[in-house]
Amino acid sequence: MSPGGPMNTESNIPDPTPPADHFDDIEQQQHAGLLGMWVFLLTEVLLFGGLLAAFVICRLRYADAFAGAAEHLDLVLAAVNTALLFTSGLTMVLAELAAGARRRGPTIWWLLATAALGTAFLVLKGVEWYGEYKEQLMPVLGLPFVYPGEEPQLAELFFNLYFVATGLHAAHMLIGLGVLAVMLVLVRGWRRPDRLDRQLRIAGLYWAFIDVVWIFIFTCFYLLRA
Amino acid sequence: MTSVAESPTVAGEACTDDYLSGGWSIRSWLLTVDHKRIAWLYAVSITVFFFFGSAAALLIRLELITPAGDLFSAEEYNRLFSLHGIVMVWFFLIPSIPATLGNFLIPLMVGARDMAFPKLNLLSWYIYSLGGLFTLAAVIAGGVDTGWTFYTPYSTLFSNSAVLAAAVGIFIVGFSSILTGLNFVVTVHTMRAPGLTWMRLPLFVWANYATALIMILATPVLATLLLLVGLERGLGIGIFDPALGGDPLLFQHLFWFYSHPAVYIMILPAMGVISEIISCFSRNPVFGYTGMVISIMAITLFGFVVWGHHMFVSGQSMYAGILFSFFSFLVAVPSAIKTLNWTATLFRGRISFTAPMIYALSFLELFTVGGLTGIFLAALALDVHVHDSYFVTAHFHYIMVGGAVTAYMGGLHFWWPKLTGRMFSRAWASTAAVALLIGLNLTFYPQFLLGYAGMPRRYHSYPDDFAILHVLSSLGAGVLAIGYLLPLIYLSWSLRRGEPAPPNPWDARGLEWQTMSPPPVHNFKETPVVTGGPYEYRE
Amino acid sequence: MNYRSAILCWLALLALLAATLAAAMLGNTALRYTLHLSCAVAMAALVMIVFMRLRSAGQMLRLVAVAGLLWIALLIMLSMADVLTR
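First to last, the protein sequences are chains A, B and C. With full-length UniProt numbering, letter number 65 in the first sequence gets 65, and the count goes up by one each step, no holes. With full-length UniProt numbering, letter number 111 in the second sequence gets 111, and the count goes up by one each step, no holes. With full-length UniProt numbering, letter number 16 in the third sequence gets 16, and the count goes up by one each step, no holes.
No wet-lab data here; the hints were simulated from the structure. There's no promise every hint is true.
On the chain A side, residues computed to face chain B include the following (Cβ under 8 Å) [claimed, not checked]:
no.: 1; residue: Q28
no.: 2; residue: G36
no.: 3; residue: L42
no.: 4; residue: A226
Here are some, though not all, of the chain A residues that point toward chain C, as calculated from beta-carbon distances under 8 Å [what the hints assert, rightly or not]:
no.: 5; residue: V56
no.: 6; residue: R61
no.: 7; residue: V93
no.: 8; residue: L97
no.: 9; residue: L124
no.: 10; residue: V127
no.: 11; residue: Y147
Remember, predicted model here, so these are calculated numbers, not experimental data. No residue lacks a Cβ here, since even glycine has one placed at the ideal position from N, Cα and C.
Construct all of the structure, not just a fragment, from the sequences and the given hints.
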């Protein structure tokens, strides 16, 4: 639960949920849950880390070609998407705060807003990918790759890395949306609000983490242009 | 341990609520969330994989008895050693000690009722089995000829074998490893019994904790790598293909960023087992406990910065080679500290040569030979000569089989009374342990000589001059097979006929010995309170 | 953690996004790349400290958060040691 905070709690709070069998008390259980999620996110960081390392090495070796290829990405759409993700991060925190204050209605609404913003991000991403497909800049599944600039082979490498990175990120967004859907169902039921509060905090960590990954994808692929 | 507040209420009491009394139905095993039963699920699975891998090894040694490549074609031989490597590394060695002994013992050793995430623990086994069977099917039915390393561009552009399927299986198994590591870390951090401070943890727990850290920090990079290989092979996304501007050496960097630390995933838990056994059977506290802990963590850290020593002759820059060579020498220091500390633990001890102790002393010999030859290989110039020769094969088999598997066998015998509540035949166990020591040295020592004389790895035929050493090595493999088959027989026999084990048959001090054998479902009747260290063998 | 710090953090994130976009106008200068990278690090840090509550979290969670970045740095730096001196 969030420390302090003069928030108003609704009356007749049910009995606190007992800890699972193998834990001594609820603090131990919550600590284990949070640490588990952070350690899991650590593995996710390194999952993207391998890709990032590949990109950084190529970016330094083929600086001009990569900077040129980055020009062909849509910076405006990506910037809008970044703003969308930041906003969804905010709404997720607001949902957590509402749950911490034991207010069911606002929790549901903020969660819905988060899911809507996340979906909007994916839709925009799809639009962007479709644009690249149209311009024949999508060298996957044997699709033709027609690059107007210099050094088309290196540009192809750039787009390969770009599609792997953004694809993997989009897959994580989908998982995040799935988590949000589950949380929405649970919050609608509103049994054991104290447990929901703890679960929401853990779900929120995952959602915020997707933001962090996107910040680096955005900076590396879109901003480092000629 | 002078530790447990509640003296064992166990001695005379019949084991009515031990974890095995919950029934033997399929359901009670396949849906269990008890870490002790999950450890058994793992033990059975890795044994199956071990015998597939060993069968392939025996066939390899059969082929190599004669200089001509008569038993198998070159192509078949490639598939055989790939099967051996893939199965042994990913489906036996990586999960061996952590997933079985670690899974069983860590909650007992930290005085907890279970792992922090019991369901995740079971899920981890299912993922392991799924990925393992998938890969095994791919490797046996389809055949994979790339070796266990999947080097590009051979694996992505040229190999006409089931690389994609095998990679998918290993990708899946990686998640099992990650989840096990996550569970260990969170358990050790949050579930320790009152009074059990970090510096009172048994070295086995420290070693498995360090292993878990490596699993968490290294395995995801392997996942990325296999994803990229899969995409390159399946969708033509060329990250490693030089024709598309990709870099094949990038593959090796990412691969060894996982696979070198993976060597420590295999050997660190083995070191943990050895510390427990040597201390118990020499009736001495582990010499230099703090130094041992620091060494474990130093190996964990340095293990991550030495990967380039696998790439000395692959076209890596010479300066990077010097850097990696330096770090590789450095990682030998904590390993040497550990070996010397074990020896010092024996000093003036009351040593009893039980089967676990014979395994542990064998480990000392084998690990020392394997470790010292590792220093040869870390030297840039010498490595150019013996790279990709039998010298390398012998070196890592001394560590992996001589070190990790011997320690696994030692640990299995040491904790067998706790695992099953039965005693095994001491005479047979000692025989098997000695057979293993002889077999290992006879199999792998000739390979050092072969490699130094110029015999390369991965060939199914060789000049006649090498015949004697190869025959010796194959002979050793036969002895080795006896050393592995014997325990399978007498340990299985002890499950039904062995005499019941008391709670603490070795008079050991660890927390796990303070509860019944086999332990109750929730490990301890009451949460123990710890007041001392794990190795108080002297008053 | 309260509404005020959450909203302030969100505004700061948007400001940093604007700053890094503005920096893209600077042409091919070292300053520009420095700005891009520092903005990225600042944004990531803000999300982790405020949205992921590292500010009120224990030492252990902070250590885990830092470890991930350190290990990526290790991977990249040592690989670069090869690539750049080849």
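Hints and how they fare:
{"no.": "1", "hint": "Q28", "verdict": "holds, 6 Å"}
{"no.": "2", "hint": "G36", "verdict": "holds, 5 Å"}
{"no.": "3", "hint": "L42", "verdict": "holds, 6 Å"}
{"no.": "4", "hint": "A226", "verdict": "violated, 18 Å"}
{"no.": "5", "hint": "V56", "verdict": "holds, 5 Å"}
{"no.": "6", "hint": "R61", "verdict": "holds, 6 Å"}
{"no.": "7", "hint": "V93", "verdict": "holds, 5 Å"}
{"no.": "8", "hint": "L97", "verdict": "holds, 6 Å"}
{"no.": "9", "hint": "L124", "verdict": "violated, 15 Å"}
{"no.": "10", "hint": "V127", "verdict": "violated, 20 Å"}
{"no.": "11", "hint": "Y147", "verdict": "violated, 21 Å"}
Consistency with the previously given hints fails for numbers 4, 9, 10 and 11, ordered from lowest to highest.
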